Amino acid sequence: MKVRMMRGAITALLVGALAGTACSAPGGNGDEGGAAGSGTGHSLVVGIATEPDTLSPLLGYGKDGNSKIFDGLLSRDVNLDLVPALATDLPEVSGDGLTWTYTLREDVTFSDGSPFTASDVVFTYETILDPGTNNPARDELAALDRVEAVDDHTVVFTLSHPYAPFAERTVLPIASEEAFGDQDVNTGPYNTAPVGTGPYTVSSWSRGERIVLEANPDHWGGAPAVERLTMAIVPDDDARATRLRAGELDAAVLPPRLAAGFADEPGRVVIHAESADFRAVTLPTGHPVTGDIAIRRALDIAVDREAIVEAVLDGAGAVAHGPVPTASPWFAEGTERPRDPGEAARILDEAGWEIGGDGIRERDGERAAFTLYYPSGDRLRQEHALAYVSDAREIGIDITAESASWEVIAPAMDDHAVLNGGGNPTDPDFDLYGLLHSELAGDGWNNMARYANPAVDEQLEIGRRTVVEEERREAYEAVQRELRDNPGYTFLTHIDHVYVMNDEWENVTTQLEPHDHGLGAGPWWNIEDWQPRS
Amino acid sequence: MTSPASPAPTAGSRPAPPVPPTPGRDAAGGGKGRPGPRPGRRLPLAAMARLVLRRLLAAVPVLAAVTLGVFAVAAASPFDPVNAYAGGDAVGASQQTLDQLRENLAVGGTFVEQWWTWLRSVAVGEFGHSQSLRQPVSQVIAERMVWSLVLCGTAFVLALVLGVVLGVLAARRPGGAVDRCVTPVAYLLEAAPPFWTGLLFMWLFAVQWGVLPAGGLTAPGEDTVTASGLLRHLALPALVLALSQLPWFLLYTRQGVADALHEDPVRAARARGLGERTVLLGHALRSGLLPVLTLIGTRVPELITGALLIETVFSWPGIASATVRSATALDFPLLAALTLLGALAVLAGNLLADLLYGLADPRVDHDRM
Chain A
291 MKVRMMRGAI TALLVGALAG TACSAPGGNG DEGGAAGSGT GHSLVVGIAT EPDTLSPLLG
351 YGKDGNSKIF DGLLSRDVNL DLVPALATDL PEVSGDGLTW TYTLREDVTF SDGSPFTASD
411 VVFTYETILD PGTNNPARDE LAALDRVEAV DDHTVVFTLS HPYAPFAERT VLPIASEEAF
471 GDQDVNTGPY NTAPVGTGPY TVSSWSRGER IVLEANPDHW GGAPAVERLT MAIVPDDDAR
531 ATRLRAGELD AAVLPPRLAA GFADEPGRVV IHAESADFRA VTLPTGHPVT GDIAIRRALD
591 IAVDREAIVE AVLDGAGAVA HGPVPTASPW FAEGTERPRD PGEAARILDE AGWEIGGDGI
651 RERDGERAAF TLYYPSGDRL RQEHALAYVS DAREIGIDIT AESASWEVIA PAMDDHAVLN
711 GGGNPTDPDF DLYGLLHSEL AGDGWNNMAR YANPAVDEQL EIGRRTVVEE ERREAYEAVQ
771 RELRDNPGYT FLTHIDHVYV MNDEWENVTT QLEPHDHGLG AGPWWNIEDW QPRS
Chain B
35 MTSPASPAPT AGSRPAPPVP PTPGRDAAGG GKGRPGPRPG RRLPLAAMAR LVLRRLLAAV
95 PVLAAVTLGV FAVAAASPFD PVNAYAGGDA VGASQQTLDQ LRENLAVGGT FVEQWWTWLR
155 SVAVGEFGHS QSLRQPVSQV IAERMVWSLV LCGTAFVLAL VLGVVLGVLA ARRPGGAVDR
215 CVTPVAYLLE AAPPFWTGLL FMWLFAVQWG VLPAGGLTAP GEDTVTASGL LRHLALPALV
275 LALSQLPWFL LYTRQGVADA LHEDPVRAAR ARGLGERTVL LGHALRSGLL PVLTLIGTRV
335 PELITGALLI ETVFSWPGIA SATVRSATAL DFPLLAALTL LGALAVLAGN LLADLLYGLA
395 DPRVDHDRM
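Chains as they are written, first to last, in my numbering: chain A, 291 to 824; chain B, 35 to 403.
The following block holds chain A by itself, in its conformation from the complex (with noise of 0.2 Å):
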């Protein structure tokens, strides 16, 4: 049934695709060949804008959870509290916060039937280690030293250095050590064609088109409600919204203009997901404009962020005080600033900025004014940038914002400023870490304002390396204090994630949502859970 794989003479290609009107869909494993449309079971088919890059965990599918297909040792439940899944209960941390011990259950096989056992564990983690292995998610690992099996069920994880929120990194997928075999890890079939412990199994994968998915009706956790689930990829908004309007889609993500078409459609329901995909202005460090902490904190109080979430976000989003989303347990009551133009225009001419002829600001010569770059054909971020340029020229501040490719704008992020995006909503130490410790400005994609606070740098090291979790909330906070008096960032908006569905389930929710939001993010996060509405 399946299409083979056919090496040799390109002509042999040719003729021999004339033959094919009876093929499996491509990508068909052909294994569930007949099941199509057969019993009672309940489906749902979810339109979705992108798909991954691989199903392989070893390559960094499904790395912050709910990857459907695997389980990791914990999951996170609806409020991002972690769970065990694989594992019998949460770690033992041994009390210089660097052995952390997982005991994994005892009933759990794959989906072809081999048992899950601590090999599997450790095989996973180790394969992401090797730096062969093409996983550009591994640095998310940096902290692990080594990993072992104690006994068949038992797992040690040993760190080189304390970090308190390693336990968030273990809803990692684990993969099936005897399923993978010898494959190549970055080439092999393990990409498309998975073996997992998950409430699903791969059907299908038809690349471009969607990803079939198949309850595991032996799943440790019991048998999903939904029997099939279909993530068909439609790129474009417009054409996912046709095709959920058609019937053709139970359910999509889609941009708050083309959800609201259908909030009063009899039988759906629009749904808001907050999260913490921040967009945010760097302010280069090293640049005399933007590196001034007069400039940076003009520019934080002058921009009308209420503005932007209504007129860019169409209402669905909420302003950003700093990268923790105020629906965050982890937010800092307190650090929330009213917009104030005049406050800013008086902080200015306190700092010496004084306006020139030209309406612009300028001290000993310097004229206020720096560039701010965008990634071309990224609307979002275009208007954010457009409604920043334009309210920091209110006060006296030139920003020429242009829209450029990343391979323009990583070499020029010395000293231009940049529309980012990001977010994690998990543990604070993801986002904090990477985007304001000093030792990491300008390493790879982290810290691009290249921000240097000795003070931040302190608090973000308490955070990472104290277990205690009252006195990681403190570290944190203070984060976000001096982050509030010295912004290196302008954060603008946390934008909400909406989705479309038709309203004939029970135990739906949505979580906080990351910045990338695949397969795993979405009301469908836990939809190994739901249950029809009667």
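Keep in mind the hints are simulated off the structure, nothing from the lab. All values derive from a computational prediction rather than experimental measurement. Among these hints, one or two may not hold up.
Stated by the list, open to error - For the chain B half of the interface with chain A, some residues (derived, Cβ under 8 Å), not all of them:
no.: 1; residue: L79
no.: 2; residue: A124
no.: 3; residue: S128
no.: 4; residue: A240
Claimed, not checked - Covered, in the sense of this in silico footprint (three residues per stretch, anywhere, with C-beta under 8 Å from a C-beta of chain B), are these stretches of chain A:
no.: 5; segment: 485-499
no.: 6; segment: 688-697
To be verified - The following label-pair restraints were derived from C-beta to C-beta distances:
no.: 7; chain 1: B; residue 1: R136; chain 2: A; residue 2: E764; range: 36 to 42 Å
no.: 8; chain 1: A; residue 1: T444; chain 2: B; residue 2: A269; range: 57 to 63 Å
no.: 9; chain 1: A; residue 1: R547; chain 2: B; residue 2: E310; range: 54 to 60 Å
The beta-carbon is built from N, C-alpha and C at its ideal position, and this holds for glycine as well.
Chain A is fixed; fit chain B onto it per the hints.
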């Protein structure tokens, strides 16, 4: 709205219409014209084979140059394949990890050396690995080739047949009712970008009337491709792709046949009292089709470009959508293989046009092409 301007790109360069063979007895024998080759004339198979062979040899340097071009572009590209590979994960990746990735993904040597290594492995059927799809390139092509051929083949045949039929009908009476309906629509379709037509048709057929699916290869809930399901899903993309090509065939046929109707051999055929159908199909069409045959070859690149848009709009899992992906993801191993395929398709289209031309015009010798 009478006779619109001629679609002139090749009108000046094509040879004068040939004299269709009109055996003398036809005139006496009551109007049963025989448009095809004379009974005694056989297909010039040997000459055709020689032409194919010559073209195959000529294709080698062309394909070599085209693929070398891809590698040159890859080397000159200011874009960073590592960023494209890492995607969202690049944010937060350390420089060390990015450098390690670059080392893993990079191919050593100058672009000429890279090209030569690639060429030698292609010669033994090894196309390398697609970085963006994390799959062997040969697997990507094998999975997708069929669906692109089905789509493009259907659309091409549809455009050719419909275009010629409508073109003849329009040419029969320039300025007549058929001509006035068909020709302006053809100009409109020629001007309309295929993705626009695609979205319009999707809206009409899938949303407003709900008669055809809006995209994909099978219904979203199904895995297996059935003949009826395939037809339903093929209908819209193939129709839109055909409509983007149809105006060219239609207008060329209309112009060619209308011109031929005024030429001496056709007037002579009329004068001998042949029936209108014989004159139109046997004489005017045969001579008017020659530019259309040339067109077949030159439309292949356009067909491929059209497929790029159509496959993307309709989520059709073919080669074209993989091409878009490989280009945007800077996946040069995949792009090189797909460029090779595209170049082959264009060369094959030109060869087909020449073969047909030689068959249709007895004055043209395959050995002199």
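### Message
Tell me if the beta carbons of R136/B and E764/A are separated by a distance inside 36 to 42 Å.
### Response
40 Å, holds
### Query
Against chain A, is S128/B within 8 Å by beta-carbon distance?
Holds. Min distance 5 Å.
### Query
Are there three or more residues in the segment 688-697 of chain A whose C-beta lies within less than 8 Å of some C-beta in chain B?
With 3 residues close enough to chain B, the hint holds.
### Minimum beta-carbon distance criterion (8 Å), A124/B to chain A
6 Å, holds
#### Entry: Restraint outcome when A240/B is required to lie within 8 Å of chain A by C-beta distance
Holds. Min distance 5 Å.
### Task
Starting from the range 54 to 60 Å, see whether the pair R547/A and E310/B falls in it by beta-carbon distance.
59 Å, holds
### Query
Regarding T444/A and A269/B, is the given constraint of 57 to 63 Å on their beta-carbon distance met?
58 Å, holds
### Task
Against chain A, run the beta carbon of L79/B and see if the smallest gap drops under 8 Å.
Status violated, d = 19 Å.
#### Entry: Coverage of the segment 485-499 of chain A by chain B (three or more Cβ within 8 Å)
The restraint on the segment 485-499 of chain A holds, since 6 of its residues have a Cβ under 8 Å from chain B and three suffice.
Violation of the numbered hints given earlier is confined to hint 1; every other hint is satisfied by the structure.
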